[in-house]
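There are 2 protein chains.
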Amino acid sequence: MSEFDDAARNGLSPRELEAVLREVGAARYHNKHPFHHQMTSGALTKGQMQAWALNRYSYQSVIPRKDAAILMRSEDPEFRAHWRKRIEDHDGDDGWNGGIARWLKLATGLGLDADMVKSERKVLPATRFAVGAYLSYCSNKTMLEAVASSLTELFSPVIITERVPAMLAKYDYITKDILAYFDKRPALASRDSDFALAYVMEHANTPEKQQAVINALVFKCDVLWAMLDALSHAYGQKGNIPPGAFVPEVS
Amino acid sequence: MSEFDDAARNGLSPRELEAVLREVGAARYHNKHPFHHQMTSGALTKGQMQAWALNRYSYQSVIPRKDAAILMRSEDPEFRAHWRKRIEDHDGDDGWNGGIARWLKLATGLGLDADMVKSERKVLPATRFAVGAYLSYCSNKTMLEAVASSLTELFSPVIITERVPAMLAKYDYITKDILAYFDKRPALASRDSDFALAYVMEHANTPEKQQAVINALVFKCDVLWAMLDALSHAYGQKGNIPPGAFVPEVS
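Top line first, the protein sequences correspond to chains L and P.
Numbered according to the UniProt record's numbering, the first sequence spans residues 1 to 251.
Numbered according to the UniProt record's numbering, the second sequence spans residues 1 to 251.
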């Protein structure tokens, strides 16, 4: 449920649709979440930072699969050629020199074991369920909705700009080289979200499709928000870590 | 990940398999969760109780669909005839005189609006994701794993025995008639879990299948646990309710 449930009731121009989508981000993107504020204010313990990197790895690792689910359904070679770049960015040439590898470097730079991270065995069940919901969404909803759910990338340059300088300033164990993932992302995210936004503005040409697109972005914001809720709950207080999940060795 | 990851390594007799499954429940069933302890000790606010009933409704409402996913894949009329009873129990004769209706009565008895509950619009995203993971699991895994994931019902008579007398004793707004859901469940759960356990013990006839069955039960315990984690986080402290979710009017 959201305050945007009826936003497209009377139909929107493409520019009005874009404006609503940006309002969704302003209200619900996870840079509004308390966990993000704790991160940028220097309040996270190293164990919380590790748990964040570990759990977020599960999200990163499913991105190429959700993009493949979108690719699979496009009948337009030009669309596919563009969208395919996302998979190339994340997997790299050999699977381990793209965005996923850079995220792994962040996790190991924080002191986590690479095999443990890659196995995803100690990830919170709630993270699995949120990430799984995202993959299912992109597999089972319309292609337009799946594309629209990627539009959180419209806002990712902002969160990265908030996150990186703060991480470097506030945590002495964080160095520029372990944050290499973020160096590449803003330019790629802008390229990708420009393309996705243009696609959505062109194809969401009825009030129903516009509402579906808005709902897709709300859904995706819910996924990212729920991941930080789960981290906050599990690692905010002793004794809340669910059975089987990562237990930090550092405090 | 669980302490049961290698439990079937050397193969188990049917009775040994049952013993491991019961150990999974003893370690990980959601009667071990702090939220359950708060409920039985009288510590929940009415708002928390409402949030529990509202979110749990989403779980109840998907049960007949996950059972249909299992039914769909069985080639054995006898199995189907037995398993079908689960759907009949939840949906009743007309959709609204079975278990789902009784759960709705619990929710409305706590002061929630029936249409709001049935719409599921104010459910926590984390609940949606956990429930969706359960439905996907029963749709996409092997039939043996889907059947095994129902085995949390082995333990439900215990949690009901802990829950009902405590709810009646500790909360003056809870009466016997709004808890009618629980009157019926122990007998049905025993009938169903006896059948499912016998199926699992017969069909999990290799170490690999036995491990898959154990993992299925761990997965299902994770679903139930994550639902209570999400409730604890959202309604444990002011300000943690995610955007769009139910906000209690009562304290």
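By construction, these hints were calculated from the structure, which means they are not laboratory data.
Hints are supplied without guarantee of correctness; some may be wrong.
A pair holds if it fits inside one copy or across any two, identical chains being indistinguishable in the list.
[Unchecked claim] Okay, derived cross-link-like pairs now, DSS-like style, lysine-lysine, Cα gap no bigger than 30 Å in a straight line: (1) K105 to K209; (2) K118 to K85; (3) K141 to K105; (4) K122 to K209; (5) K141 to K238; (6) K170 to K141; (7) K85 to K238; (8) K46 to K209; (9) K170 to K209; (10) K209 to K184; (11) K184 to K105; (12) K209 to K141; (13) K238 to K184; (14) K32 to K46; (15) K118 to K209; (16) K141 to K176; (17) K209 to K176.
Hint-by-hint comparison with the structure:
1. K105 to K209: neither (40 Å within a copy, 36 Å between copies)
2. K118 to K85: within (23 Å within a copy, 42 Å between copies)
3. K141 to K105: neither (33 Å within a copy, 32 Å between copies)
4. K122 to K209: Close across copies (22 Å), not inside one copy (39 Å); limit 30 Å.
5. K141 to K238: neither (39 Å within a copy, 34 Å between copies)
6. K170 to K141: Answer is neither: 41 Å inside a copy and 45 Å across each miss the 30 Å cutoff.
7. K85 to K238: neither (42 Å within a copy, 43 Å between copies)
8. K46 to K209: neither (44 Å within a copy, 39 Å between copies)
9. K170 to K209: Answer is neither: 44 Å inside a copy and 49 Å across each miss the 30 Å cutoff.
10. K209 to K184: neither (32 Å within a copy, 44 Å between copies)
11. K184 to K105: within (14 Å within a copy, 53 Å between copies)
12. K209 to K141: within (12 Å within a copy, 32 Å between copies)
13. K238 to K184: Answer is neither: 36 Å inside a copy and 37 Å across each miss the 30 Å cutoff.
14. K32 to K46: both (21 Å within a copy, 28 Å between copies)
15. K118 to K209: For K118 and K209, only the inter-copy Cα distance (24 Å) is at most 30 Å; the intra-copy one is 38 Å.
16. K141 to K176: Result: close neither inside a copy nor across copies, 39 Å intra and 42 Å inter.
17. K209 to K176: neither (42 Å within a copy, 46 Å between copies)
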